[in-house]
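Peer 1: One-letter residues, chain by chain:
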Amino acid sequence: MTAIDTSIGPDRARELFRAELADVRTDAELQALRTRWVGRKGSWVAAFMEALATATPEQKKTFGRGANELKKEVEATIAEREAALAAARRPAHAVDITLPGRTPALGHRHPLSLIRDEVGAIFTRLGYQVLEGPEIEDDYHNFEALNMPEEHPARDMQDTLYLATPTFASADASVGRPRGKAPWPPQPLTLLRTHTSAMQIRHMEQNAPPVRLVAIGPVYRKDNLDLTHTPMFHQVEGLVVGKGVTLADLKGTLAAMAEALFGAGTGVRFRPSFFPYTEPSAEVDIQCIKCKGAGCAMCKRTGWIEILGSGMVHPAVFEAVGYDPNEITGFAFGMGVERVALLKWGVEDIRLFYENDLRFLEQFGL
Amino acid sequence: MKVLLSWIREFVDVPESAEDIGTLMSVRGLALEGLEPHGDDIVMDFDVTANRPDCLSVIGIAREIATAYNRPLNVPEGRDFSPAGSDHAIAITIEAPELCGRYAGAVADVKVGPSPEWMQSRLTACGIRPISNIVDITNYVLLELGQPMHAFDLHQLGGRAIVVRRAKPGESIKTLDGKLRTLTPDMLVIADASRAQAIGGVMGGAHSEVTTGTKRIVFEAAYFKPSSVRATSKALGLKTDASTRFERGMDVTAPARAMARACQLLEQIGAGQAAGTIHDVYPAPQSAAPIVLERTRVPGLLGMDVPDANVERILRSLGFDVQSASAEASTSAEASADRSAGHAGWNITAPAWRVDIKRQVDLIEEVGRHHGFEHLPSTFPGVQQAPASSDPRIARDRRVRTALLGMGYSEAITFAFIEAAAAEPFLGGDAPVALANPLSEKFAVMRPSLLPGLIDAVSHNRRHGRRDVQLFEIGTRFSPRGETRGAGFAWTGLATADHWSGARREIDFFDVKGVVEQLAAVSLVSLTFGEADVPYLVKGRAATMTVNGQHIGVFGLLDSAVGDRRDLPSGDEVYVAEFNLDALIAAAPADTLRATSLPRYPWVVRDVSILVDDALSAEAVRGTIRSAAPSTLIEVREFDRYQGKGVPDGKVSLSFRLTFQSPERTLNDEEVQVGMQHIIDALTRDLQAIQR
Ligand SMILES: [Zn+2]
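Sequence lines, in order, name chains A and B. All residue numbers for the first sequence refer to this note's numbering, where the first residue is 1 and numbers rise by one. All residue numbers for the second sequence refer to this note's numbering, where the first residue is 1 and numbers rise by one.
Just to be clear, a hint being listed does not mean it is correct.
Think about it this way: if two alpha-carbon atoms lie no more than 25 Å apart in a straight line, the pair counts; the simulated DMTMM-like pairs of lysine to aspartate or glutamate are [stated by the list, open to error]:
id, chain 1, residue 1, chain 2, residue 2
1, A, 243, B, 36
2, A, 300, B, 45
3, A, 292, B, 424
4, B, 358, A, 319
5, A, 292, B, 305
6, A, 290, B, 424
7, A, 243, B, 87
8, B, 442, A, 357
9, B, 225, A, 150
10, A, 300, B, 294
11, B, 239, A, 159
12, A, 243, B, 613
13, A, 300, B, 47
14, B, 442, A, 226
15, B, 651, B, 613
16, B, 234, A, 159
17, B, 442, A, 327
18, B, 358, A, 15
19, A, 300, B, 19
20, B, 2, A, 319
21, A, 290, B, 33
22, B, 234, A, 355
23, A, 300, B, 305
24, B, 234, A, 319
25, A, 290, B, 19
26, B, 358, A, 355
27, A, 300, B, 16
28, A, 222, B, 424
29, A, 222, B, 33
30, B, 442, A, 348
31, B, 358, A, 5
32, A, 222, B, 374
33, A, 243, B, 16
34, B, 234, A, 139
Source of the hints: derived by calculation from the structure; they are not laboratory data. Owing to the predicted nature of the structure, the values given are computational and were not obtained by experimental measurement.
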């Protein structure tokens, strides 16, 4: 810091002041600068005023104006900087806003539960009722009424889990009593339902057409655990029965569902197939959500991914529940909730859904 | 079903590539599973659905392809061969016509050796191992026409006779795979005069097997009853190419055709010559009844129009007999002149190989799939009435789920079947609902409670380094009395998340009780608590929950022995709770909620601190206060509980905050003071309390 020396003149002193001001960062430094330049005693301005007293009249004229200008500039500039520093200063009650907040406890939804709700919401919007049914079933509702008698080859397609001891009880109020027929003797409950289709039968037994429902819930098959199979999984079953219901109505409905679940523009494709409880039957593919139909490893280069089975309700099913297949038609479909979740979120191992690892669950929202 | 492209092309002219054929057939009902080169040929692997045994053959697949491409199917009318003699050269008797509807046999003189290269190559490509020219011919016919065949060494058949009969009790046979099998009278055998030589439709016997020394054979082509073959195959645990086809239903007209083809092939490859004509025993010839296909039903079911010409073309191409049926009422000249107006539909007769066609809808499916599902428009079913309401459990579960999520619990979904040992502490005296054929011991019984699954989930998270775990599940519990829906939760770790500002605290009983009370509050019920004594909770830190005397559930600290068995880290304190949601909803008031107006007069608050015996429950003190208080007491709340310096041993200092309010007027100090004095007198008199 240059010692006070008035001989350098006010103009040179002003340059010095500007240089020193540029280095000022804090309030304290600014106050020190003020004292050094405009303090009542021993400051640069005070020194100039003293020098002025002993100056010649000729010197006074130029030197005096310069000293006064210096004083004005110093005072104005310091006031300005003082205001700027004050504006930047944290008030006494300030906190460090970058510290982490206290997080209120909030849980995460299970991905399968999210899909269940989403599908339920889609079909509620389309005017369907959403139902749930018993998970332990009798042979009649799970197989026979669905056109799968004892010797039907279709029973080969699903390996069923049976109870060691049949039970007659069910907490569910909708245990089958066909409409307009004498009450049945109670059917022994013998197996874990292999599909939610059993629920269709129970509903139709008790309600006259029209019908418009989705049934959602767990189903069971004797499948070993691997990347794509679990012995328990969840199914969404849809059923619409009424006058003039067609396969084209099924296509429109499933196309709407595919777009709602997988995004606008997701196309659907029907492939003829075979299920004992529908005729005609179709397996339904959606356009591959990864390659948008161009062909990739996920869709085995076909551009399509199988998503569900469906068809027009078989007349034998209508006959079993006392509906007249000459009066009404209907469509049905069944879709795996896990399969939708695997596709939608790119989950690579179905077993993750049943481990309940919080590191997995916390990736999903509310 | 694996077939060679060249073989298909013998029956239908399809120059298109295998890929193109596969892509089209996949949307016509024959999904292509894979393509594999075989020399300069291609093996096409089609997924044939269980209802289409006719497509387990080259001819069946070729017929579908011909229909899909609208090309003719070229089936040779007959297969010419020159028998050496003019009689049957064998006696065939069907003694069990109910199990065998048709049996064709033909005797041939043969020279056993390897079959020609081209035949071996085709069999190999389709997954069948070449054995000898005779066996290879039977397999070749099986693949080409779908008709299973068998060849017996005639010299090994006693009495030179074939008798189709039921097995005798205790009768046994050594089958071609070398195993001795004991039969029952519900099984069908092909026997000679004295002994069983084959199990009908399942497998031949070792005794009459064709060997290199065989000089004379009998070819067999028959029709066996599907359910009988299925039962026999299942009972013997023996599944073969033949049984798979017979049990799904074969073409009753096929045996004669297959036999002719086999005899012709025999000559063609120089393996021998038929000794006589074909002996075809068909005791009760069957003819299919026509099915009416109503014209309006096609668009009525499919929702798309299919031109009449296309309906007829598709069905004829698939082998159906198609006859127009005129409208019953309008046989006028005008109507028949305008074909579409007077035309009611068709009388359709299915070919014998289409065992799946039974009803009109089956015909509509044929028309629909070959017209092409890609032509289906996208429409929506009409609404005929207001939608019915959904299962009320869904809204109830959502309410409970939302509350638990809001209190920090993440949602778990666990398997409904668990290990028997894991279920044991939760059975409550019931027998377990066990599975007859569980996948493994880990999935042996249906869960009586949601807690075993949740405990395993907590254990999994703890073993993977997670300290704080809050999980819940809403799901079904099983008992011999039926299914109930429950909500369970488990909690271990800190009461609140770690934070730089504050002290950490492990959860305790009252954290869990608070959650339980909130769940009751969102369900609009209030709980009564009692001490719980269940094998999986620590006594003294466990409570039952009831609503109006109805048991709703339990909560408390998990017994460490239960946790240890599920691999929970030792020393972990896990609190669990479980509600019976069905009972909860039954206990909740019906939808009679009415809002009450807000109070118009101010309240008065008074505190009171007392010393009482520390064995006295808070509930007892609260009860004494309430019973002594005037009706203006609206709330009693414990706000401090203290033991230690200044409080004698065996005593506890309790502080209560009492709130008084009247809906009718402002309370004055004096009446509140009188009320407080009543309360203090009662506490002193009934509980020996000392006011502090
Ligand atoms: Zn793709």
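Peer 1: Taking the earlier hints as the rules, which of them does this structure contradict?
Peer 2: Per hint list: 1, 3, 5, 6, 7, 10, 12, 17, 18, 20, 22, 23, 24, 26, 31, 32, 33 violated.
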